[in-house]
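Here the protein sequences come in this chain order: A and B.
Everything in the first sequence is counted per the working numbering, starting at 1 for the first residue and increasing by one.
Everything in the second sequence is counted per the working numbering, starting at 1 for the first residue and increasing by one.
Just to be clear, a hint being listed does not mean it is correct.
Stated by the list, open to error - With a cut-off of at most 30 Å between alpha-carbon atoms, the simulated BS3-like pairs for lysine-lysine come out as follows:
#	chain 1	residue 1	chain 2	residue 2
1	B	147	A	165
2	A	110	A	209
3	A	165	B	105
4	B	40	A	165
5	B	105	B	161
6	A	209	A	219
7	B	161	B	147
8	B	147	B	105
9	B	40	B	147
Hints listed in this document are in silico derivations from the structure and should not be mistaken for laboratory results.
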Amino acid sequence: MQNSFGQAGGAQAQTPPMRQARSGPRRAIHPWPLRVMHWLNALAIVMMIGSGWQIYDASPLFGFTFPHEITIGGWLGAAIAWHLAFMWLLAGNGLFYLLWGFASGHFRRKFWPLSVAQALRETGAALRLQLPHRRGVYNAVQRLLYAGVIVAAALAVISGLAIWKPVQLWFFTDLLGGYFVARYVHFFAMVAITGFLAIHLLLVALVPKVLPPMIFGGKAEEDR
Amino acid sequence: MKKLDLPRRKLLGRALALGAITALPACNYDDPANPDLADKFLLAMSRWNDRVQAALFSRHTLAPTFSAAQITEPPRFNAFYDISQAPVVDPASYQLELSGQIQEKAPWSLAQLRALPQESQITRLVCVEGWRVIGQWAGVPLGSFLKRIGADTTCRYVSFKCADGYYSSIDMESALHPQTLMALDFLNAPLTPAFGAPMRIRIPTKLGFKNPKLVISMNVGNVYTGGYWEDQGYNWFSGS
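Okay, chain A solo, but in the shape it has when bound (with noise of 0.2 Å):
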């Protein structure tokens, strides 16, 4: 089990000193373009979030609401102002995400090869405490976690507009199943965020190291 993981550490690691040896000084763990998208990202995401909860509420789906208190808004048509607002940064700034990753090489550097096998061996060795973090490189359960979000992201997005325009964008809401069930898609697709949000945040409040680099870019560590 170590060496099948170690082998793909060793893969994913090999690509950068080779560039590096071209460009003279090391890579950042995280480049400008991903700490500029994250960070707004994350400002959408938070405001996407808030607002929605609230307009939730004023048709609940479910046989709960989310407190007054953690939703964004006040009430229901400034809520749905925020949400509409925002809705273009997080598509927007997801959209030259997708570009990025894939031209860049992001993606394929990154999350490749994609194993639920893998992750859930990963998990078992972390949840051991054998899981060694090696910075700039991400474990299967990382890769299968961001690949995971990026889907539930995009799916949000679509069933957002179908809900939206269930008349004039009426392929997404076909495609969904129709109005009803693309509420219940676009819900799911907000636990799923917010999920990932939950676990992102626990991380990095157990592993503080890993937070500048996502703010000044940081080195990644040379292939061991």
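Given the structure of chain A, go ahead and fit chain B onto it with the hints provided.
Below, chain B without anything else, positioned relative to chain A:
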């Protein structure tokens, strides 16, 4: 295993900073007459969203229609007052007043409106709150009525005033959409007061609050007149 060193003060500081950001938009549009910075930002974005929705809108894209079996029973009442307070307009003395860029401004009685060709549709009404109902409305297509009275359809707005003090306005493109009705009937019977009698505007390509009930006057013009909810912060176009 590395010892965990939580910088608690830093974390607390960050949590507080995050709280401050989210507290900033704690409550907006409190006082529409005196917009603060956040309100101005939201209004600017709302005007932008109006333009995007107008660009997305097509008179040829029809709202979905449904079968009689899918009609929501009982229909759901919604207004800014309780159902018991819905005003009753006498159908015999009802007059639809016309004003603005219209050639023939003579008021219309209910009997005159009923004498015009009627259309029936089973469509979905989506509320801004998120819920939706399916109903059957019948009445005069607004586009054909506007042409009949010689309205200038190059104008930007069609505005409505209602017997209950409600008011709203829509873009001309939506007014000319083939599914936009001056509805007189619901489920093959005349509208009841709570659901807009004697006449309501039914627009399946817009949210429910853009479907004014108890309409007593109509204006065609180029001056933006807003609406009851729109003036409090709801997006004006609110198309579906």
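Next item on the list: Starting from the hint list further up, note which numbers the structure goes against and sort them upward.
Entry: The structure conflicts with hints 3, 9, although it agrees with all the remaining ones.
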